[in-house]
Amino acid sequence: MNELVFFINKGIFAGAIIGSIYALGAIGVTLIFGILRFAHFAHGDMMTLGAFVAYAMAAALAAAGVTAPLPLAMMMLPVVMLVTAGMAIGIDRAFYRPLRNAGARGIVLVMASIGVTLMLQGVIRLFAGPSSREMYFNERKDIFRIEVPGANQMITLTEPQIALFIVTAIAVVALHYFLSRSRLGKAMRAVSDNPSLAQVTGISIETVVRTTWIIGGGLAALAGTMLALDVSLKPDLSFNILLPIFAATIVGGIGQPYGAIAGGFVVGYAETLAVFNWSVLLRPIARMTDGAFEVPPSLAFVPTEYKLMVPFVLLIIILIYRPTGIFKGRVL
Amino acid sequence: MASFTAGDNRRDLLLFAALGVLLLAVFMSQGTAYALRVTVEALCYALIAFGLSLQWGTAGLFNVGIMGFIAAGAFASMFISYPVNGAFWASDGPSLIGDIAVKIVIGAGLVFAVSRSGKLGLPKGLVTFLTLVTLAIAYLVVSQSLDPAARYIESEAGFVGGLGLPVYIGWGFAGVVAGAIAWVVGKICLGLRSDYLAIATLGIAQIIKTFLKNADWLTRGTQTVSPLPWPLPTASEIGFTAARSGYLVMTAVMLVIVYLLLQRAYGAPWGRMMRAIRDNEDAAAAMGKDVNRRRLQIFVFGCVLMGIGGAALIHFNTIFDPNGFLDLNHTFLIWVMVILGGPGNNRGAIFGALLVYIIWTMSEPVTLYIFDHIRTIGQSFGWQPPADLDSRALSMRVFVIGLTITLVLRFAPKGLMPERLSRKG
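Chains as they are written, first to last, in the working numbering: chain A, 2 to 333; chain B, 236 to 660.
Here chain B stands alone, though its shape is the one from the complex (with noise of 0.2 Å):
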């Protein structure tokens, strides 16, 4: 296990007891309700911090592309939960998509047997051309099959629609979904530098928001799909706040239990393991360990975990908007999280999730408030404030999360609660 010394266990206790105070204060001014529903999502928010904690504190893997495995679970569990669309299936919908199914798994069988051609002897450069041209082909034949039962579904569905399953199901598939995409980036991008993996992932990140932001007849698109179903008794069951307060309670045992399976993972030999590939790739290799397998294994759990948080996340909001997912609250303002709270640390991921988005959500309305007092000290100047001030205002809170992060990577590199490696002897 991880060891904690009594110290740092002090320093712990003291810094939560200092967020609880926060919390409180939050219980205080804003309300149960609203309070309630910065907690869940904080939650959320650290579970997903969870993944990069793995990624990055664990195993020194770069993912810019947070936002795209979030919306890829998602949409997942929107997909596997929202109840069945039955004019879908009663069209012809469904044999459509079998067709283009059918000749996705042709073209993709096509394009392996060329890629594998090599083994009959042909020269390497042919079989790389050979590969791109069944490609190219195989992508031609299947977007021209997709545009018009796309649009046969939107006219005749509206969409697809979901399956109608338990909502947990859903989450399980949502983790399976993020997980599959971070294993074909991470096979590709994971032998090379890090720097790759950070453009690649942001690159497949942007690509799955434009994908769920057209693909109307999958996603609805930006006429967005609401309400997802809620996965335990809902508010006109039980009352509003009874029905936050359970989700928030089903959040905190899911926090625990991965908090839990993750401290013995990391204290495990596996997780020393990990943290050797990270210190010295050289040395790890050398002792026989196969580094890029092992960063793809963590590569694909740390999205798991993401993707999981992310449909926590949009049930809890109760709609699947494509254009809700943004790079710098779901990207950018994880990092921050867990290179605040400590990487490598799981008690830090926790800490950093909770402290931050608290902050997060309470620093909308204090910028509000300076810029407003700003206005009027400006306007008795004569000053003419812009009439768009309160949007340009909100954007300084883009500035202080890049000056948070330049600031804790040059004073403060290893978080509040920094990783604590057992020393023995």
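Same shape as in the complex, but just chain A (with noise of 0.2 Å):
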């Protein structure tokens, strides 16, 4: 049984916690490449921007003495997506509206969003400094424990791993209904589907792309800030995490919110079950069946320090054999 509990943990856990990251950060990514039709290289600084937001706030609010029941960082969370999300169409003001105006190529919008990301990194490391931080202030992080009978380890869920599970529930859902039911959701899936005949119908593409900076800087700042609390604000996470969340984009197929919650959850068990050492597994059935076969000391598909290739190769099957992923998006 203790290998089960192990695999829950190590596997099963964490690789919904960091599905649940990539699947936030995929849904800006896929909306904003299905609206604004490139691919947006700053996610991941994006994400860390809101992280940062969250820290100074809660840093502020815990020198100033306030005390809640749930980390600062976690109460203050809409404020913090409010904030970022209007970071974020100050961003698309100065820098990439411009370029869409006098009628860029894509790609030329690509550049910029890169141009943005060194940016944002050259800002955060200023202020912040290139150490990574601890978001807990006066609170202790507090740990639930889940007896198991027949094993003396136990299943271990942190609180800001619960509250992630919980808050990319409400923002799945929440999203479900915005696209589905309101009259601006439909209008961006409209836009997102054929720019030009949306704008002929009268609906106003500038309060669209404003809409879709608003939801991914929104859920950028929500991944940003849980996975922060999760492990520790680290100012250097971009491409380290972009490339996933691209990787999460295009097996969801790109434009489809959907397809990237699915793509993101896909690639963060690809990530860890790949690093998973599955001898912990096969020793139990290498007893029962009193060692007919040698166990290695460890079976893990990927070595941890190669993770980023897990992405990256599945990125590229998804290229090869269907480009348009698995929830049937658009071959940009």
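Bear in mind the hints are in silico, worked out from the structure with no lab data behind them.
Heads up, a few of these hints could be off.
[Stated by the list, open to error] Mimicking DSBU-like on lysine-lysine, the simulated pairs with C-alpha atoms at most 30 Å apart in a straight line are: (1) A:235 / B:448; (2) B:354 / A:329; (3) A:308 / B:422; (4) B:338 / A:308; (5) A:308 / B:524; (6) B:422 / A:329; (7) A:329 / B:359.
[As the list claims (entries may be wrong)] Not everything, but these chain B residues come out facing chain A in the computed CB check (under 7 Å): (8) 630; (9) 645; (10) 647.
Even glycine gets a Cβ: it sits at the ideal position worked out from N, Cα and C.
Mind docking these for me? Both chains are given alone in their own frames, and the hints should help you get the complex.
Next comes the structure, spelled out in structure tokens:
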């Protein structure tokens, strides 16, 4: 049973946690890709930016002596999301909209987004330094343990992990209702499908673009803050998290928010299970069969340092065999 | 030939004259040895910038994995030219590696055969599935035998070592390796929109770097390999300045040769066809041009230049350090060089490379100087500066690179030396 508990902790839960983060990031990327039609390379640093906004607010509140039942950074999430969304709109106004209006090709916008990502990196490191930080100030990170009969290890989940699951579920359901029921959500889908046709029917492209940045920026802030709460706040996440998010977007199908969610979990689980040491699970089977076969001490598909290969290989396989992604997105 | 009008030439001449003055100022203020180093490195960067100018300027291909191709070229050159490691060849290492190589060949053959089994009438989904399963099994077998072999080599011989061949063969091989990687990446991504190429090149660059950093048996990883052989008479033979000057002349000659070849290609029907594909893919395809094949060709050419440039760069510093390859210095800096100089204009690439690299190296002391003053002023107001202010200050250079990219794209999309198109009649 111990092995099973280990698998649940290090395989199933770990995959769900990182999968939720990727899913939240990929929703933003896929919406931006679908509506603005470019790969947004600054999304990873936008997540870090959101996390830093949360950090700054929590630090200020903690210094003012405010206490709360939940960690301060988590309590401030709605504000953080709004602030980051506002920053995303500001970045769009300053750097992307002029290019769009000048009729630049999509690839020029990609390059501009790389410029933006470098600027964000520079600013974040200037104010926060290169070291990683703890998001908890006066609070304790609560850990919940569930006993399993017949095992001396316990299933463990920490407070931010549970919060992450809840928040992801809320975000996904809210997004679903927004996109399928609200007028603006429908307008967004229309623009994503056919911008010229949508414009002719009287949909304001400007409003749709702004909404895209609000959703994308808000969810990026959410994912960044939750990731920082779960592990720690690192300023140099950018490309390491960007590649899995792009992989999730393309696996799910570009312009497909539901696909992005599925893609996020696919990539998250693929990554976690690829570096998981499978000999842990094989050992009890070997014991039951009286050592009929030798179990090597470590049997992971990919060594941990090559974790980044997993999303990349997934991406390549999808591009070769099914460039539209599993949810039949667009091939741009 | 690409036609340069008299007005264009005068403008270029003025810009290059200004650059010459800047270079002279560096020589006067920083001393000959340091200035020679900056100039040689800038010329190596110019070679790499040619590669990017070819890809982006002539064909509109978006490569953000330049660092990976530089690192691959650098490694290839190190492997060819570093002295032979006798301990490795005396051990069982070569036979272990041969064993793995045979397994890789068999595995690749099997995967290829299965992927072609559609010809036997199997349904497409099944073929895909079987291919992936074969690939996974082949991968597992190879990776399981790679691990003990790597550990054996590390404990017996340190690392594989080099082949001890002349440096120029190493540089040629650098181009071959970078080109081969580019061929695989391009084959997969070039049929799709350029965004995919950007994502894939970004990924491959990170993976190449991770591999070189962790494969201690092949590259000594973070322990670095040095000293790399110097292709010309060394400093101990003819003196420090003379050795560096020799290297400078050699890179300059290489640069001029590549420049002349590129100018010819640009003016030839081949160059016209490439610009046609870049500017209107559908029209070019309708005229019977094989768009994807041409793009693959130019992508590989560009990456070959990047590989050679990377090799030239590390041989000058005589150290191969996988951790020294950075996205910022080896990808985005080159992007700034090309878009600032003028994409599609080879003179622009040289100009951009020299200008940006000089500014880049000089910006380090300047930034530290400015922040030193900020610290003094702040402290007089009772501000407690963080201990790592210097490393934070240097991150401002990242910000400036990003800002330059966005500003150039918005206000000078054609760069300082715009591409010149010949207009007849």
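Now for the hints, and whether the structure bears them out:
Taken as a hint, the residue 235 (chain A) and residue 448 (chain B) pair is honoured in the structure, with Cα atoms around 21 Å apart against an allowance of 30 Å. Distance check on the hinted pair: residue 354 (chain B) and residue 329 (chain A) sit about 27 Å apart at the alpha-carbon level, within 30 Å; holds. Between the alpha carbons of residue 308 (chain A) and residue 422 (chain B) the distance comes to roughly 24 Å, so the proposed pair stays at or under 30 Å and holds. Annotation: proposed proximity of residue 338 (chain B) to residue 308 (chain A) holds, straight-line Cα distance about 24 Å (limit 30 Å).
With a C-alpha separation of about 40 Å, the suggested pair residue 308 (chain A) and residue 524 (chain B) falls outside the 30 Å cut-off, and the hint is violated. A distance of roughly 22 Å separates the Cα atoms of residue 422 (chain B) and residue 329 (chain A); the hinted pair therefore holds under the 30 Å criterion. About 18 Å separates the Cα atoms of residue 329 (chain A) and residue 359 (chain B), which keeps this hinted pair within 30 Å; it holds. About 4 Å separates the beta-carbon of residue 630 (chain B) from the nearest beta-carbon of chain A, less than 7 Å, and the hint is met.
Given the 7 Å rule on beta carbons, the hint for residue 645 (chain B) holds: about 5 Å separates it from the nearest Cβ of chain A. For residue 647 (chain B), the interface hint is violated, the least distance from its beta-carbon to any beta-carbon of chain A being 12 Å, above 7 Å.
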